[in-house]
Every structure is written in structure tokens, then in C-alpha cells.
Amino acid sequence: MMELSLQHVIEELTLLRFETALIVGSLVLLTAGMLSKDEVTYKVLFSITLLISLFLADVRDIGTSTSGAISIDSLSGILKILFAFISLWIVFFHSTFRRYEHYFLLLSIVLGSSLMLSANHLLLFYIAIELTSLSSYLITGFSFSRKGYEAAIKYLLFGGVSSAIMIYGISILYGLSGSMLISDMVINVQAGPFYHVGMICLLGGLFFKVGLVPYHFWVPSTYQEAPTDAVAILSIVPKIAGFALLHRVLISFELLSDPIYRQVIAVLGIATVLMGTFGALRQDNIKRMIAYGAIAHSGLVLPTLLIQGEQGGLAFVWYVTIYAIMTMAIFMIASMYEDFGIKDVKDMKGIGIQFPVMGALTLLILVAQIGLPPTAGFTAKFYLFSSIWNEYQASGATIILIYLIVGLLSVVLALFYYLKIPFHSFLGTAESPYFGNFSIISRSVVTIFTIMVLWIFLSPEFLNKIAFNINFIGW
Amino acid sequence: MMEAISPTYFVFLSLFIFCAGIAIIIIKRSAIFVLIGIELMLNAANLNLVYFSQYDPGMNGLMTSVFVVVLAAAEVAIALAILLNIFKHYKITDPDELTSLKN
Amino acid sequence: MTDSLLTLIIFFPLLVTVVILFLPKDKDLLIKEIALGATAVQLILSVILFFSYDAALQPESWSNAFQFVERAKWISLYLGDYGWLQIDYFVGIDGISLLMICLSTFLLLVGVVASWNLNKNVKGYFILYLILSTSVVGCFAALDFFLFYVFFEFMLLPMFFLIGIWGGPRRGYASIKFFIYTLVGSLFILAVMIGLYLSVEDSSLTGQGQEVVHSFSLVNMMDGGYITDGILTPGTSIEFWGMNIRWVAFLLLMVGFAIKLPAVPVHTWLPDAHVEAPTAISVLLAGLLLKIGGYGFFRIAYGIFPDAAVNLTYPIAIFGMISIVYGGLTAMAQNDLKRMIAYSSVSHMGFILLGLASFNVQGAGGALFQMVSHGFISGALFILAGVIYDRTGDRGIANFSGLAKAMPVFTGFVVIFFFASLGLPGLSGFVGEFLVFLGALGSDYLPKWIGIVSISGIVISAAYYLWALQRMFFGKFWTREKVWEQTMYDLTGRELLLLIPLAILVVLLGVAPNIILGPVNNSIEFFVNQCFAQSQLYIAQ
Amino acid sequence: MTLIKTIWPLIFILPLFSGIIGGLNSKQSLKLSNFGIGAGLLFSIILVWLLDEPLILEWKWLEGVSFGFSIDRLNAMLVLLVYLITLLVQVFSITYMEHDPDQGRYTAKLGFFAFSMVGLLMSNQLVTLFLFWELVGMSSYLLIGFWYQEAARSKAARQAFMINRVADAFLLLGVIQVFNNGYATSFTEILSSGNQWDGFTGLCFIIGAFGKSAQFPFYGWLTKAMAGPTPVSALIHAATMVTAGVYLLVRISPVLIEWNLQVIAIGGAVTAFMAAVAALTQFDIKKVLAYSTISQLGYMILGIGVGAYQASVFHLWTHAFFKAGLFLAAGSVIHYMHELDSSKDAQDMRNMGGLQKILPVTFYAFLICGLALSGLPFLSGFLSKEGILTGSWLWGQSTGNYLVPVLAFCTAGLTAFYIGRQILLVFFGSSSFTQKIIEPMLTIRVPLIFLAVSSLWFWNSLNPINPLGWFWNSYLFADLGATSAQHSILGVLIGSIGLSLAGLGVAYWLYRPEAELTQNFKNSKEPAQLVGKISFHGWYIEKFYDQIVLLFSKIVAGAGWFDKKVIDRFVDGMGVTGVVMAKVIGWFDQNIVDGLVNFMASISQLIGRFVTSFQSPKIQIQIGWLLLTLLVLLLWFQFLT
Amino acid sequence: MIASILTYIFTAITIAPIVYILITKNVIRAVFSLAFSFLGLSGLYVLMNAEFMAVVQLLIYAGGIIVLMVFGLMLTKTTLNKGFITQHRSLFFGSLVSFLLFISLAALATRSGFKVGFTEHAGDPVAQIGQLFLTDFIIAFEVVAFLLLVALVGASYLAKKSGE
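Protein chains in written order, with the working numbering: chain A, 1 to 475; chain B, 1001 to 1103; chain C, 2001 to 2541; chain D, 3001 to 3641; chain E, 4001 to 4164.
Keep in mind the hints are simulated off the structure, nothing from the lab.
Possibly wrong hints are sitting among the right ones.
Stated by the list, open to error - Below, a list of computed lysine-lysine pairs in the PhoX-like style, where the Cα atoms sit at most 20 Å apart:
no.: 1; chain 1: A; residue 1: K349; chain 2: A; residue 2: K147
no.: 2; chain 1: D; residue 1: K3533; chain 2: D; residue 2: K3543
no.: 3; chain 1: D; residue 1: K3522; chain 2: D; residue 2: K3344
no.: 4; chain 1: C; residue 1: K2405; chain 2: D; residue 2: K3027
no.: 5; chain 1: C; residue 1: K2027; chain 2: C; residue 2: K2073
no.: 6; chain 1: D; residue 1: K3287; chain 2: D; residue 2: K3618
no.: 7; chain 1: A; residue 1: K37; chain 2: E; residue 2: K4160
no.: 8; chain 1: E; residue 1: K4025; chain 2: B; residue 2: K1088
no.: 9; chain 1: D; residue 1: K3533; chain 2: D; residue 2: K3287
no.: 10; chain 1: D; residue 1: K3533; chain 2: D; residue 2: K3522
no.: 11; chain 1: D; residue 1: K3533; chain 2: D; residue 2: K3344
no.: 12; chain 1: C; residue 1: K2025; chain 2: C; residue 2: K2073
no.: 13; chain 1: C; residue 1: K2025; chain 2: C; residue 2: K2123
no.: 14; chain 1: C; residue 1: K2120; chain 2: C; residue 2: K2032
no.: 15; chain 1: C; residue 1: K2073; chain 2: A; residue 2: K465
no.: 16; chain 1: B; residue 1: K1088; chain 2: A; residue 2: K465
no.: 17; chain 1: C; residue 1: K2027; chain 2: C; residue 2: K2120
no.: 18; chain 1: C; residue 1: K2123; chain 2: C; residue 2: K2032
no.: 19; chain 1: D; residue 1: K3525; chain 2: D; residue 2: K3287
no.: 20; chain 1: C; residue 1: K2120; chain 2: A; residue 2: K349
no.: 21; chain 1: C; residue 1: K2027; chain 2: C; residue 2: K2123
no.: 22; chain 1: D; residue 1: K3287; chain 2: D; residue 2: K3027
no.: 23; chain 1: E; residue 1: K4160; chain 2: A; residue 2: K147
no.: 24; chain 1: D; residue 1: K3618; chain 2: A; residue 2: K147
Said to hold, decoys possible - Here are the in silico distance ranges between beta carbons for each label pair:
no.: 25; chain 1: C; residue 1: V2507; chain 2: D; residue 2: I3534; range: 45 to 53 Å
no.: 26; chain 1: B; residue 1: K1088; chain 2: C; residue 2: L2023; range: 40 to 48 Å
no.: 27; chain 1: A; residue 1: L454; chain 2: C; residue 2: I2500; range: 50 to 58 Å
For each residue, glycine too, the CB sits at the ideal point set by N, CA and C.
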């Protein structure tokens, strides 16, 4: 019995190579934090852990552990690589002094999200989500400002309520099906009304993580107040993991075949897109505006889950990768402008004229966020809209068509609020010239990102090749 | 021994605790009350889990409820740490007055 | 040399932009000369293109209707069970795009000379200018819908900044309005593009692994390479609010390009954009960007959906007529010279709609000629308006009178171009209008009264032009501000250098229009007959 | 034959060439361009002499549309006429314009006019005709507005061009109808094929011609055209340009159907009569002559209508000479009055009188041409008018519609009356002028003398009575043969002579120097009673145009209250044609269409505010919303499943 | 029989303090009444022969979390608003939502069948739990350990930061 379990433990650990590397790395970082004080070592250690885990994550290894708690498919493999790749760039953020706890928490967020990808047992679900949420609450508080604490407490209370609802949902489902493993819960559960209650409460937890409409209230204030590099990770890694987990739940419980669930999700998605776009129209604070933009983006990713077959999976991976790159770039730019003390759009007057290169880079990234041709943003949205159009053609459901129209409308409205920044920076006239300059490192990193964004538009084959060798299990 | 009391009894009980928790969160003004509410909701879930784990050979429910308790503790710890900081800056603990983050 | 001529014309300015990028900011004159050289080379290349274009080609289907064709694989994505998505760099020209390219390269050169005494941030200005020129020429030569759309969008940003940064007092509002109007239009086109690529397959490429290859090539779409049950395949029964989906797609394209044209209900961005844009940019805006809308009708709306076009000729003609009459009337009410000219452009663009709606060779030929002649005339008119603005900083018609006394040569040119624009025979304005009227009244799709009411357009245009001429140029010499009287010197050498070639062109095209319509005639005839044949084919399906 | 082929293009280009030469060096511009025009005259004489069958020159202008010129006897003669009158006018204007600063511009414009007029006469294809038709309209616009300093003159020029433009729109419509209905598109084909045009196309051409020849609805512009220098009026608005309409109708008369010809006849007659009435009470010397030109043009058009187009052409020929003579004489009078004291209005007859002795040559020329106009025998006017009156009489008999001949005869009488009145008022009676000016021999006297002589009868035909005796008749209409040879009817002959004598008599009786009418003519105001008012304001044609524009703007403006508040105030304030309706459209365009877009922008802001209002900072309300949605979802599921 | 009576007693012990919390405005009293309801709950767990859980409940919930809350309250006691008295807010809206939720969920619960098959538990449950911890739930165990570490580090850093 013992060696059996030992052997099965080793097998599970081998499956979670990526996570173990992260845990070991963060522990090393923790100890190093005690010993030395300068930030460079933290950054070096942080990037080493991520690099190691990047190597360990492999797209091809697909499998579920004997106890069934962990099941990894190629999608989670891809997303793990994406998480590691994206979080690597955090070290280049030019910001105030960050102690080791900051990097430790960032690593824990990445760990929590990657666990969410591979969880197949409802308990592991809950623990992974709790881990990510707790570390997010803490890191929001790390801005050590009055508003930072306020945002943190609100985020915590809101998150606490939704995770409580989720665990209650899990308990109901457990009551109905008698087991916690998703694979065999499906078999022996009778789809009574109470089952739907449990399912909705469970989905509630996921919607919170992804930031869909009823659960989106925390997004604007958290993104505004949390330290910018933390927000960069917060807005990408847990959100994408949440989507992957949501998809796993929808697929394994065969909810997508049930028309009511499709309608509920579509309605929530449309509401999110509208909320995000219309909300952003009135914002002055840059980060808060980007937060609303992020809400709109998550509203736009949702329909890919509804699309059956390979097309949906492809569109999901496409949109998510490009969204990650764009959001990382825009937050890096926001943090660079923050060094100039620029928080609101209004006080960006005339900076574009004084620093034309930076102005041009900001413009390109914003154009990508809107989704205009020369950038990858357009390819992502184009791909998304054509797959939605396909889905509409196949299923003929009017809700999908409304989704398409709302999507197109969001592009137009996105123009209104995203264009405020270049409008003020180029067309405004600065009262007093801005002293100082952007740091070389961050400028070169932003250029790298812009080149990436443009290159994906010009030759998208390589991304398609990667997206394609994920064989989607019944996406 | 337990057949005398049907499962719906316990489900009703956990449901009552859950809804009471929700009511507390919405009605009361202080952040601590919200924490209390969350604890109650978690306990309702625990009650369900423990009750149903009787009939589950693998005792998953029991294990989960242990973990839930541990996590609840962690969460309260963090909540209080943040509340301390807020208290130092704002001198209030009532979330209604925390309105500096306008929409 | 001639096989890569088109790509050279399109991307030469882009090469020069790279060179300018590395020049120091303050070398204004050098930048201007380089820009002048670039546009001059582009013009020479397009002249070579014009003469080496063989006019005798009698194409039978769209696939061999294009010359100087260059096709290179750009993107090919594997879409799983939807087969392959094929986007390629596919450029080529036929008569219609040949004229448009020559017009645009000429006006681009005029634009550079017109913006010679610009001093604010010259490097940025000319970089945006050359990007704009690449995208405009690219738009005319693109035969791949995706490439066309990319160039179509590529124009917006440089134009937005050119108006936004170097424009007049209310430039912010005008540039935003221009950008949003055109972008909303381009979204409609995007929607149709998606619908089309989903229902089109390029049989020539399906060889590799027998999945369906969805392609974006316009030639394929025009020749009807549709898959059996695509959304926009002709003969689809899918209805959308009671209308056949192909008609809806055609209407979306109509709205998209009508915003760009501009046609009446959606034209209010044009006067603001023109009033605020600097002179050279106004020339480009009127000369080229409006023609993209017209060219879009020719190549995409009428090319791909001829069956919808045949059935909807009546509403299109009505919109054209309203544009002519309404544009003219509003021009009469303006007291800013540039705004009046902008509204007159709206009225002249109405002719294009009318010409196309008549669905016959004269109508299409007239619409095309009107596009070319309006390019030259409105370009000159904006330069003239710019002349007054440079001297006094004001363009109010009521603020001046008796300018003929102070600036006789200037008045001479104004008279020539005003009469050309109101359609005096012997000048190029008349030929376009005459052919459009010929087409409109002779077409068996349109009722007679539309043509007759549009003829009233020439009376209205005569009214507002002469009224402006009389108020501003005749009578005693008087200016609102005393100080202006000193600055009202006559045309300088540079301005003459701009206006004389335009005047010669306008007279030449008026007297002998066959210079440009001759070589292009086969393409127009093929365009109309092919559209008609396709429409009968599709309706039969 | 080859000589003609070489001369022909020269005739076409010469006036433009001389205009440009004159325009460049403005000092002796007129003298230089005279050589050019003289050479042109010479060539046209040779051309008329040697031409036997028509020459055609054509080339492809557009797909299916070709550009072509042709010269046959009729337009060769007219070209000769144009050159002759242009030469005389240019000689006259040497003195008339001697102290005008920009003579160069004047010569250039005259040259441009002559070029486009010759081009119009020579054009064969309808499109070419339309092209030169508009160019002639433009050159008349430039010439009327020559003294652009005065706003009134440039406004008159604009309004003249606008009215012409309206008629040209119909002509363009007609030309397009011809193309679309597949009729013959060139005059040579029209003569040969002769397949009838449909009524509508015919009507368009008629309206076009009426516009150019200032017939009934469109004659308002000719009085405005008097704002131009007098030599210009003489050349353009008497002899050449206005006859273009007549020339066009003559060319297309074979293909017009019955009711079109009737329209022409009635139109011509009505115009003739109305213009004659209008000329009765004018004070301005040139206005009288303008109305008389309109009335004589009415005659010519009437002649075509009744089928006597040879007589019309003859009348066109004679009218050109004596009307040019009258205008030039009036020009020299105005020149003299201007020299005398430039403050008073040089054209107002009220401060003229007794110029007989002061300007003897002008007086005699004016007298002879005036009498020719009134149709006295032994003068050219009688011969041509006689032909038209006979034609109209015969036509009246054949069709039973006697309105046309009656109007024709009345006009004959009225013509004699108003020209007699003018002669008496200007030249007879007491004169307060003493200063005697010797009109310079060459530039003033020779043209006047030549024109006066050419108005005598023997210049046009040997037999002073018979209209067919016209020298050119055989040359022009030989091929038509005898069918149109009308013998003059005794009754018509006596009638016309009687009427003109009666007209002159009444004029003499009313306006003889010692009559009280002439005494207080100096300070007479506008005529009081209705008939006088109608005549003075030229049948209120201006008001008629303003009403049309007002009506049109009311239709467009639509809202009833609108016109009371906005338009009426406008009309009283501005009274300028066309502005009214434009202001309304301008306002509409600014607020409604533009407003729509701004409205949509504010809507999205509003929704934004509404949507973010949920975003209340209080955490517990947020949780409340969360739970509410949870509840809604549950209820949704409960009811649906 | 005794079991059902005991269950009723214990449910009463859990429900009464909860109702009190709903009514009271005083935070401290609410926290202590929460502790009592936890006692009731642990009693119920014993009845469901999950003794380990009962002990854990008592130990961590009643002992740890309540003490933490009390400490928190003490530290954030302000003289301003008379110690711990708080007001009610949107009483009607909150109670309506929760009551409606309770009713509808109760209705749903009655109509769906729960997995209630009686199984005999072999051996001493606590050993079995221990074994399960290290075999089936090893991953969860490790991750929760890491999570606690994270919470520890974060909370201490936050608290320390508020000190300076």
C-alpha cells in the first residue's frame, strides 16, 4: 500500500514539474530575501525560477494522474509556457524599490494559476483559486498607499464572498454526486434543479476570477491601485487560467450542449463587453481605463468557449496570446508614464510631441488594443469575429449574432476612449516641457513588444503552427 | 442510526446558515461583520461536506472541509492585517465610508 | 523592369520614409527636397506605367482583366475543419485603377510643392505624408480584399495626425470626426469581408490536401469562386430582416464607401475636415481620399455583388441625385470659401453615384472621368483657397471684395477653375457630367426624372460659384482688416508652378478627353458587361 | 478647293489669336486686333466666294461622341456677318474706350467672344455646338461684367449668365435626348436624314434657343446685359450672339414636328409684342434699343415658326446692320454725354435733346437706321419684315390661327412709334448743350456711315418692294428651289407700310419738340397708370424670377411658420435670388445632420455614466448586486427547467 | 432516538447565536456568539461520527479565528463610535434578498435526490484521514502548506509595513 502510494506520488509530482520548479524557486527566493537587501538578486532569482519552469513545461505531455486529481492537456501546457514567458518581462519594469515578498507573491500567483490549469479534483480547484486570490489580495495591498489598502480590503471581501459561494456549490455537487473527481461526477449525478444551483455557485467562483459582469466590481479599483507590475500579471495570468478552468468545467459537465447555459454565458458575456466599453468612456485615470478595457477583452474572449470544435480552441489561444502581449505592453507603458507622475489622460498634454518615439510606440500599442489593421490586435479580433460568424452560420442562434454586433460596436467605442491618450499627447499643447526621459531598458522592451505585435500581424504562421499542435480534447 | 433524520434536514440547516451569512454581510456595516458572514458561509459548506462524506468511502468531504477551515484561517489573518493598515490611515472600519475610489 | 513596377510605385515612398527617419530633425529643406524627389520618381514611374499599359486587351473574365499582376504568398493559416485561409500580396491594375494611380501620384507631387513653406515639425509631416502616399496607391492597386482593407485603414492614421497636428483652430474636433466616420465605414466593410472570405474558395489552390482554401483574392470573388453553401454564395436563401443576405452585404459596402465618398446623409465630416486641414492636405483629401470611396464602388461593391447592384440601381441613383442637389444648395449657404468648395465636392461626388447607378458604359465612363477631373479641379480650388488663407489667415467670402483689382492673375485662375468646376464645356468638368447625364438618361434601369433633376445640379453649381466670384472678386477692392490690404500680393512663383500645369490639364482634358478615356475604354466596357453578365448569372441561380 | 481647306481653320483661330495679341500689350491692343479681324473678314469673303458644297471636319472626341465642324453657305454668310460687325465695333471702340485703363482685357475678351461665336456657327456636331454655345454665354458674362468695379454691373453679368445657364440646361437635356433616342447628331445628317424628333427633345432645343435669343420667359437678361460697354452691346446683344438661337432653330427646323413649330411661332409673336410694348416708356436710351432687339428677334423666331425661315435669315442679316448702327450711334451719344459731364447718367434720355446739330453724323445714322427698323420702304428693314409678315399672314390663313399675324402687325406699328419717339426726344427739341464735338473721322464716322448706308434698300436687293429680291437668296437657298418663293401680297404690303407710317406720325404728333409731353419729359417720373407701369418694368420679368426662386425655397423649406418668420424677413432684407433657400439648407445641414452625430456621441457618454453608476465604491452594495444576479439566475433556471 | 434528540439540541445551539448575530449591533458580542454556534456545529460533527472534524472545528475556528477577530477588534477600537456599536444599512433590501434565496433554494433542495447510501467505515477514522492526507490528497496538502507560507509572509510584511 505504501510503495504504491509513494510511486503514485512521484508520478503526480512528475506531472506537475512546472509547479514544483516554481515552489522550489520561490522558496529559494524567500531565503535569499532574508540574506541580501539589493533588488537585483531578487530579480535575477525570480527570472531564473521562471526560466527553469519554462523549460520544464512541455506541450506534448498529456495525462491524468492515477488518482485523477491532476489532468494536463496540451492547452494547459501551452498556457503554462505563456504564463512563464509573460511573467519574465516583469523584471524590466522600472519602478520603486520592491522587496523580495513582492516577487515571492508574484511567483505564487503564477503557481496558483498553473495549478488551476491542471486541477481535475474540485478540492484542488478550490485550493488553486484560493491561492491565486489570496496572493492577489496581498499584492494589491503592497502599494502601501491609502487607496491601495482600500482596494485590497474590497478585493478581499468580494473575493471571500465569491469563494465561499463556490465552496458551497462544491459541497452541493459533492452531495449530489458523491465524489469530487470531475470525470466520475458527471456519470452519477442526476440533473435535478439543485444540481443547477450547485453548478451556478461553482461557476460564480470562476466568473469572479475572470471578471465577468456580476463579478467584475473589483477589477477597476484593484487595477488602479495595485502596483503596476503586479497588475500586469494580475490582469493576464489568473484571468486566462480562469478561462481555461471555466472551459474545462463547461466541457466535462457537458454544459455547452444545454441551450440555457449557452444563453446565460452569452448574455453575461455581452453584458461584460458593454460594461467594459461604456464604462471606459468616462474614465480619466489611465490604469482605470485600461481596467475597463480589460473587462471588455474578457467579455470578448468568452464566446470562444461557446464555439464547438477546433475553431473555438484556435480562436481562444489566438486571442489570449495576443491579449497577453498587448496588455503587458500597455501596462509597461502606463508604468513608464507613471514615472513622470502622469496618472490621468489630461496631464499627458503634448508629451507625444516632446518624445515622438515613445508617443509612436504608445500609439501602436493602443491601436493594437483597439484592433486596427497594422497590429496583431486586428488579427485577433478578425479571427474572433470570423469564428463567431461561423458559429452563427452553424447554429443560427440570434444571441451569437447579437454578440457579433456588440463586438463590432465595442471596436468603434474602443476607438473613442483609447484614442484619448494619443489625442492629448499629440494634439494637446504642454504648458511646461516635461523634464527627464524614459529609461533606456523599458523603452527597448516596449519596442520589442511593439515589434512582436506588428510581426504577428505580418506573419501569423508561427503562432498558428503552435496553436495547431494542441489537439483539443473535445473543445 | 442516522436514518431517523433525513438528509434534507441537514441541507436545510446548512442552507439556513448560508443565507444567514449572506444577510449579515449585506445588512451589517462593519468589515468584521462581513468576515463573520464569510465564516458562516464557509461553515455551512463544511456542514454539507462533512454530512455527505459519511456516505463517501473515500471521505473526500472530510478532507475538503479540513482544508476549507485552514484556508478560512489564512484569509482572516490577511483580512485583519489589511484592516489594521486601513485603520491606521482612515481611522474607520466601516466599508461604507471607504469611498475614495470613485467610479 | 515592368514586372515589379507596381510594387516599386507602391513601396518607393516607404523606402524614402525610412531614409527620412534617420535625418536630423532640423534639416527642413533637405527633407522637403527628398520628399519632392520621392513623389517625382513615383510620378515618372506611373507615367511609364500609363504608357506601357496595353489598352487593346479584351478580357473575357476578371482573372485575365488585370495587367502588371504580382502575386506572392503572404499568410496561409490552417483553420482545422474550415480548411485553409489564404491571404496573399496580390496587386494588379486595369484601366480604372491605372487612371486612379496616375491621378494620385500627380496630386501627391502637387501636395509636396504646396506644403513647401511649412515650418512646424517638418520631419514628422513628411514621414506621415509619404506613408499616406504609399497607402493610397496601394489601395488602388490591391487585388486582395485583405490587402485593400489594410491599406484602406492604413490611410486613416496619417490623415488623422496630418489634420490633427498641422490643421487650423478646430483641428482636434475635425480630425476625430474624420477618423471615426471613416472607421465606422470600414467596420461595415470588415463585416462583409469576413462574410465573403468564409463563402469563397480558390479552386486553384485546393490541390494541397483537398481541404477548402478560403482566399481573399478579389478576382476570385468577382469571378464567382463561391463554395456551394457559403453564407454569401449567390442564390443563398438566407434572409436577414426580410432582405437577401447578399443585398445586405452590398448595402453594407454601399454605406461604408458612401461615408468615404461622401454621399449626402453621411457627408458632414468633409467640410469640417477640409476647413481645418492645411492646404496640401486638403488637396490630397479632396483629390485622393474621396476617390477611394468611388474606386471602392467600382471594384468591390459593383464587382462582387453585381446582382444586388442591378436591383438597387434606383435607390443609389436617388442618393446620387440628392447629393448633387443638396450638396449644391448647402454650398450656396456657406460663407467660408473652403467650406463652399468642400460642399461642392459633395455635389460632384453625387455624379459618381449617379453614373454608376445608370449601369451602362457612358455612365461608368462618366463616373470615372468625373473622379479624375474632380481630382484636378478640387485640388486647384483648394490651392487657390489656400493662397488667400496664407496671405490673410481668413477665408470668409464676405470679408473680401474686389480682389480682381489687387490680384488680377489670381482672379484669372479662379475664374478658370470656378468655370471648370461648374461644368463649362471645353473644360474637364463638363465631360464627366455630360457622360453621366448621357448614361443616366439613357439607362433602362432609371426613370427619366432622376436625370432631369440632376441636370438642375449644373444650374445650382453655376449659382454658388458665380455668386462667390461676384462677392469676392468683383466690386470695389475692400478687405475687412485694413492690414490685409498690404499683404494681398499676387501669385508667387511657387503658386504659379502649381496652378499652370493643373490649368493646362483641365483644359486639355476638356477639349480632348479621349487622351485618358481612350486607353481605358476597354476596361470600362468589360466592367459594365461583366457586371451585367454576372448579375444575370447570379439571379438565375 | 484646297485654298478653302487651308483658310478655314485660319478663320476659326484668327479672332482668338488677335484677342491674345491685343490682350498682351494693352496700349494699342485694339489697333493690333483690328488687323487680325480684318484678315479674318477677308478670308471669310473668299470662303463665301469659293464655297460650293459643304466641307466637313470631324474627329472622335469620346466613345460614341464625335467633335465636328462643317461649313456650308448659311454659316459662311453668318461668319462673314460676324467678322464685319466685329471689325466695325472694334474700330468704333478705339475712341469709345480710349481712356479706359485696361483696354488689353477688353480686346482679349472681344477676341474670345468672336472666336467662340465663329466656332458656334461652324460647329456641326450638337456637342460641339453646345460647347461653343456655353463659351459664348461665358464670354458675354465676362464682357457684361467688364467694368467689374461697380457691383451692380457684375451682379447684372451674373444674373444674365444664370438665366442663360437655366436655358442651357434644357439645351443639354435636348442634346442628350438626341443621343439617347438615336437621332442624327450633326446638322449635315439632320439635313439629309430628316427623321422627325419627338416633341420633348424639340421643346428642349426650343427653350435653349429662347434662352439665348432672349425670348419670352428668358428675355430679362438682355436688359441686364446693357450694363456692358455700348460697343459690346452693339456687337453681342444686337447683331451676333442673340441670333445664335435663331440660327439653331433654322438648322433644326426640318426635324421639328408640327406643334413645336407652332410653339415657336406663338412664342416669337408674343415676345415681339411684349418687347415692343415694353420699349414704349423707357427712359434709358439703350433699354429702348434692347427691347427693340428682343422684339425683332421675336420677329425672326416667328418667321421660322410660320415656315418663312428664308425671310427670318434675311431679317437677321438686315437687323444686324441697322441695330448695330443704332447701338453705335447711341454709343457715340453716350460718349458725348459722358464727356460733357460724367456725373449725370449718360444713358438717360431725359437729360438729352437737340443733339441734331451737335452730333450731325450720329443723327443721320440714327435716323436712317431707325427708319429701317420701323420698316419704311426703300430701307432694308421693310424688305425683310415684309417677308415675315407675308409668311405669317399666309400661315394665319392656312392654320386659321390669326393671333400670330395680328400680333406681328401690331408690333410693326409699335416699333415705328417707339423708334420715332426716341429720335425726337434725343435729337430734336431745344438743347441746352453748346459745346460742339467733331466726332473723330475714322473711328466714329466711318462705321456709322457704313452701317447707315447698308441699311438702305439697294444694298440688299434691287427691287425695293419684293422681299425675294435679296442678293443672297439665290446663294443661300438655291437648292430649296421655288417651293418657298412667296410672292408679296398686296394687302400685306399696304398694311405694313401704313402701320409704320402711322406709328411714326403718332410719335411725331406726341413728341414733336413743342408738344407739352416733350417739355416736361425732362423731369417725368415712372408712368402712373397700369399699362405704363407694365411697360416700364418690362412686364415685371425681374419680379417673376424672384418669385420663382422664392417659391422653390418655400417648397424646400416646407414648414409654414418658417417662411413667415425666416424667409419673408430674408426676402425683404436681401432680395437676392437663390440666397434665401441656401441659408435654410445650410442651417439644416449644420444642425440636423451634424447634430445627429454629436447626439450619438453624447448618448454613449450617457450610457457610460449610467453603467458606471452601479460601480458604487461601497463594497457591500457590490456584493448585494452580486447576490441579486445569483438569485435572478437561480429563478431563471428554476422556471425554465 | 438519543441521537435525534442530540441533533435537535445541537442544531438549536448553532441556530440561536446566528439569529442573535443577525439582531445585535455590538460587534464583540457577535463574535462571541459566533464561537457558540461553532460549538454547536462541532457537536453535530461528532454525531456524524466525524470526530476529527469536530476537534479541528473547535481548535481552529473557535480557538484561532475567533481569537484573531477579537484581537483585530481590540486593536481597531476607536473611541469615536462608542466602541463596537454599528448601524444597520439597507436592512430591507438585504433581508429580502437572503430570505428569497433561502426560500427558493429550500424549494429546490426538496425536489432533488441526494446520494444517501449507508456505508460502514472500517477501522479508526483518524488513521484513515492521516493516510489519505499523504496519499490521495498529497498535492492538496503540499499546496495548502505553501499557501499558508504565502499568507504568513504577506500578512507579516503588511503588518510590519504599517508599523513604520
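Hint check results:
1. The suggested pairing of K349/A with K147/A is violated, with an alpha-carbon distance near 26 Å, which exceeds 20 Å.
2. A distance of roughly 13 Å separates the Cα atoms of K3533/D and K3543/D; the hinted pair therefore holds under the 20 Å criterion.
3. Annotation: proposed proximity of K3522/D to K3344/D holds, straight-line Cα distance about 13 Å (limit 20 Å).
4. Distance restraint check for K2405/C and K3027/D: the Cα-Cα separation of roughly 18 Å lies within the 20 Å cut-off, and the hinted pair is therefore satisfied.
5. A threshold of 20 Å between alpha carbons decides the hint, and for K2027/C with K2073/C the separation of about 40 Å lies outside it, so the pair is violated.
6. Of the pairs offered as hints, the one joining K3287/D and K3618/D is violated, with about 88 Å between alpha carbons and a cut-off of 20 Å exceeded.
7. Distance hint between K37/A and K4160/E is fulfilled; the C-alpha atoms sit about 17 Å from each other, no more than 20 Å.
8. This hinted pair does not check out: K4025/E and K1088/B have alpha carbons roughly 23 Å apart, beyond 20 Å.
9. Taking the CA atoms of K3533/D and K3287/D, the gap is near 15 Å; set against the 20 Å cutoff, the hint holds.
10. The suggested pairing of K3533/D with K3522/D holds, with an alpha-carbon distance near 18 Å, which does not exceed 20 Å.
11. Restraint check for K3533/D and K3344/D: not satisfied, since their Cα atoms lie roughly 24 Å apart, outside the 20 Å limit.
12. A distance of roughly 38 Å separates the Cα atoms of K2025/C and K2073/C; the hinted pair therefore is violated under the 20 Å criterion.
13. Between K2025/C and K2123/C the alpha-carbon distance is near 6 Å, which keeps this suggested pair within the 20 Å criterion.
14. A hinted pair counts as satisfied when its Cα atoms are at most 20 Å apart, and K2120/C with K2032/C qualifies at roughly 13 Å.
15. The straight-line distance between the Cα atoms of K2073/C and K465/A is roughly 17 Å, inside the 20 Å bound, and the hint therefore holds.
16. Proximity of K1088/B to K465/A is assessed by CA-CA distance (about 54 Å); at most 20 Å being required, the pair is judged violated.
17. Between K2027/C and K2120/C, the direct Cα distance comes to roughly 12 Å. Compliance with the 20 Å bound is thereby established for this hinted pair.
18. Distance hint between K2123/C and K2032/C is fulfilled; the C-alpha atoms sit about 9 Å from each other, no more than 20 Å.
19. Simply put, K3525/D and K3287/D have alpha-carbon atoms about 16 Å apart, close enough for the 20 Å limit, and the pair holds.
20. Of the supplied pair hints, the one linking K2120/C and K349/A holds, its CA atoms being roughly 18 Å apart against a limit of 20 Å.
21. Between K2027/C and K2123/C the CA atoms are separated by roughly 8 Å; this keeps the pair inside 20 Å, and the hint holds.
22. For a cut-off of 20 Å, the pair hint linking K3287/D to K3027/D is broken: about 31 Å separates their Cα positions.
23. Straight-line distance between C-alpha atoms of K4160/E and K147/A comes to about 18 Å, which keeps the hinted pair within the 20 Å bound.
24. Taking the CA atoms of K3618/D and K147/A, the gap is about 13 Å. The hint holds against a cut of 20 Å.
25. The hint said 45 to 53 Å for the Cβ distance between V2507/C and I3534/D, and at roughly 46 Å that hint holds.
26. At about 57 Å, the CB distance of K1088/B to L2023/C disagrees with the hint of 40 to 48 Å.
27. Checked against the hint of 50 to 58 Å, the pair L454/A and I2500/C fails, with Cβ atoms roughly 43 Å apart.
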